[in-house]
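Participant: Counting from 1 along the sequence shown, just add 193 to a position and that's the residue number in my numbering.
These are calculated hints, taken from the structure and not from any lab test. The reader is advised that the hints may include incorrect statements.
[As the list claims (entries may be wrong)] Computed spacing ranges between beta-carbons, pair by pair: (1) Arg372 - Lys542: 15 to 23 Å; (2) Val531 - Pro493: 37 to 45 Å; (3) Leu424 - Thr481: 14 to 22 Å.
Note that this is a predicted model, so its numbers are computed, not measured. Using N, Cα and C, we set each Cβ at its ideal position, and we do this for glycine too.
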Amino acid sequence: MKLNSNKKFSMTVCVKPLDFTKDISNHLIEWIEMNKILGANKFEFFVYKVPENVLRILQFYRYKYKGNFLYKYYQNIEEFFQRKLNGNELLEKKRISRRESAIIARQASEMNNENIVREESGIENVTLQFDARHNRSIKENKQSHNHVTVKLLDMGIRREASLTVNNTEVFERKIWQKRRNELMAYNDCLYRNLRSSHFVIPVDIDEIIVPKRFYTWEEVLGHLFASAPHLQEEYASFSAQNVYFLEETTTTRNNQDAVFFFKYTKRTEFSEEGESGKSFVSSKNALTVFNHYALDSLKPGIRKTYFLPRELVQMNHYKRTCSVNLLPQCAKYLSSPVRIVDTLISKYKKEFIENYEKVFREFYIFNKKRKWNHSVGR
C-alpha cells in the first residue's frame, strides 16, 4: 500500500529519535493518521528506546506501508565512537593495553609520591581530565541533589572528592548536545530522500502543520508557487510559524474529544519568525537541515528560509507547558492572558475518525497474529 502516491509534491515526514518510557500508543496513531490526511507520502522514524506498545505501532505501520514507512534504531555520536570493536580492532587494543598498563602504573606511583592528590581533609581544588589514549575512566555517582562523588579508578588512587555541580548547567548541556545529535537523524532523512521527495518535514510528535485556507500541504505550496513561481527556486525551506496549545491554559476539555489535537481549543499568539516553527525543506535546494529550517543552502543565491504567511498555514504545537529553561521566550506566553479560540484543525475531524477507526481495527488484527520480540530499545 502506498501513501498518497498521486501528488505533485511528495513529502517525507522526519521524526527525531524517540526516547521515552511512557506508553503513547494512541497519541502516536492519532498523529500519524492526521499527517497522512495532510499529505505525508512517507514517514521516517528514529528510535532510541520506547515502550513495547509504541514499537508495535511502528512495526504495524511498517508492515502496512512497506518502504513508505520506515523506522531505524538510532545511535548518538558518543555511542558511535564507543561502539563495540570488531575482532581486528579488539586484538590491536589488547596489544596496546598491555604496553600502556606499565606506563599507567608508573604514572600512578609517581603521582602518589608527589602528593598531587591530597588527603580529603586538605583538598581545595581538583582538576579532572579524561585521557582517551591512556583509557583513564571516571565514574560519577549521584549522592544528593547537587553533589557528585568522583572516583579515579585506573590510576590506583582511592581518594574521593565531593564536588558541587550546577544541575541547571548540566541539564542545559545535555539538552543542547541532544539537539546536536538530532541533526544526524534529520540530515540522514534528508539525504535518503533526495531523489524520492520534493520536501522533507522535520517535526516532533506533538507538532502538526495545519493549512488555514486550504486542506493539504500540497495545496498550500501549490498556491504559493503558482502566485510567486520564483520562490521555489530561491529558498531552501518554507517555514510555518508556531502557535502553542498549552494544557495548563486550556479550559475546554470535552470528554468526547479524547484525541489530543481536538481536545485543546485555545492557543497563544504566534511566535516570532524563526522561533520554534517547522519547515518544508526542499530536497533540491537544501544542503543541511536543522530542527526548524534549512541550516545551509546548496548553492550561492539560494536563501535559507521563507516564512509562510500566517493566513496561509500555522504550526500547532501541543504541550503541557512551555519550558523557560529550554526557551526563555516561553515567559511571555505563560504570563500573557491572551488566549485565542482556535478550532481550525476540527475541519479534519470527520475524515480523521473514519481513518482512525479503520486503522485501529487493522492494528488489532495485526497485533493478535503477531509474535512479539520484547526487545524495544538499544
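Participant: Decide, hint by hint, whether the structure agrees.
Facilitator: To see whether the hints hold, each was checked on the structure:
Between Arg372 and Lys542, the C-beta spacing of about 34 Å breaks the proposed range 15 to 23 Å. The hinted range of 37 to 45 Å is satisfied by Val531 and Pro493, whose Cβ atoms lie roughly 42 Å apart. The given range of 14 to 22 Å is respected by Leu424 and Thr481, whose C-beta atoms sit roughly 20 Å from each other.
Against the hints set out earlier in the document, a violation occurs for number 1 only.
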